[in-house]
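Student: Below are the chains, spelled out letter by letter.
There are 2 protein chains.
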Amino acid sequence: MEAQIDEILRKNQLSVTGSRKRILELFLASNGALAHGDIEKKTGEKFDRVTVYRTLQTFLEKGIIHTIPTPDNSVLYALCKDNCTEGHHHDNHVHFICRECGKTICLADITIPEVKLPGGFLPHEYQMIVTGLCKECR
Amino acid sequence: MEAQIDEILRKNQLSVTGSRKRILELFLASNGALAHGDIEKKTGEKFDRVTVYRTLQTFLEKGIIHTIPTPDNSVLYALCKDNCTEGHHHDNHVHFICRECGKTICLADITIPEVKLPGGFLPHEYQMIVTGLCKECR
DNA sequence: CAAACGCATGCAACTTTGTTGCAAAATGAT
DNA sequence: ATCATTTTGCAACAAAGTTGCATGCGTTTG
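Chains Z and D, in that order, give the protein sequences. For the first sequence, counting from 1, position 135 maps to 135 in this note's numbering; every step adds exactly one. For the second sequence, counting from 1, position 116 maps to 116 in this note's numbering; every step adds exactly one.
Hints listed in this document are in silico derivations from the structure and should not be mistaken for laboratory results. Warning: the hint list may mix true and false statements.
No copy labels: a pair is met if it fits in one copy or bridges any two.
To be verified - Pairs of lysine-lysine residues, derived as DSS-like cross-links and limited to a Cα-Cα distance of at most 27 Å, are as follows:
(1) Lys-46 with Lys-103
(2) Lys-41 with Lys-116
(3) Lys-135 with Lys-116
(4) Lys-41 with Lys-62
(5) Lys-42 with Lys-62
(6) Lys-21 with Lys-135
(7) Lys-11 with Lys-46
(8) Lys-116 with Lys-103
(9) Lys-135 with Lys-46
With the hints as extra help, turn the sequences into a complete structure.
Tutor: What follows is the structure, encoded as structure tokens:
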């Protein structure tokens, strides 16, 4: 894992620092999405709030992670797949949020179906969120 | 419109008060979605911030409005269709958010296409957001 | 239509969340 | 090891959202 983390950072021309390693580690460990609060709690002892904000911001810009809008308007972040590049994301898969345990899962295999928009609308990015119960909670 | 507003409130067993009337009026006038900030600005003189929060909260609980998650994680609210009831919403239409003017439009005619979820997941609610350029801004 | 009850509002204080500027420390290149 | 650059932590601040309580308004009842 250590090596994987280093590679991700190097590939994105980011210096390898403690907070970046730790936060990436968290993302790799949980194969779901993390709220800012989650990250802050798990790193709170070691890193400043501000550092967490800035690290996430950096990862977003580099396309390492992406945000997931949720119905209750909390902020969630998740790792992007390899083919995400700076500026343009290719994470158009469906996100599932469990009502019970609150966990957010990237359904990487499920691509968002096409929809026909009324004339005049020029679509750019699609997001789809499904809420319900996950395997464990049903 | 006055009558329509009264009816909505009565139907939901809510007392007819100034702030509720005004906020409903705003929703009816803009046939898109409103951010909390929008509402606060347009009513700021007359009502307290706290009242706006509580009014929106009440409307949410009664199923008069629903929230729309946006890619930049701001909070948007929009009127529900008539058949929304307390607890269970039926607003599964697509929402379009314009990158340019920021306006959010309910594409009430476009229903969210079905997706097959991996085994074990029990879906409850679907949300779909498309960002891009609207008719005016393209 | 008046009185009384209960709910909604405004205010103040507070918590949480996110941002900015700057000095100190850590990182990577030489 | 040294130096330039980037990252971090701190402090202070700004914005967003919450809570408790006293007052006032809307609704109901007689």
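Student: Run every hint past the structure and note whether it holds.
Tutor: Here is what the structure says about each hint:
1. Lys-46 with Lys-103: For Lys-46 and Lys-103, the Cα distance is within 27 Å only inside one copy (25 Å; across copies 40 Å).
2. Lys-41 with Lys-116: Close neither inside one copy (42 Å) nor across copies (35 Å); limit 27 Å.
3. Lys-135 with Lys-116: between (32 Å within a copy, 15 Å between copies)
4. Lys-41 with Lys-62: Only inside one copy: Lys-41 and Lys-62 sit 24 Å apart there, 34 Å across copies, limit 27 Å.
5. Lys-42 with Lys-62: Close inside one copy (23 Å), not across copies (37 Å); limit 27 Å.
6. Lys-21 with Lys-135: Classified as neither; 30 Å inside a copy, 43 Å across copies.
7. Lys-11 with Lys-46: Within one copy only: 25 Å inside a chain, 53 Å across chains, cut-off 27 Å.
8. Lys-116 with Lys-103: Between copies only: 19 Å across chains, 31 Å inside a chain, cut-off 27 Å.
9. Lys-135 with Lys-46: neither (34 Å within a copy, 48 Å between copies)
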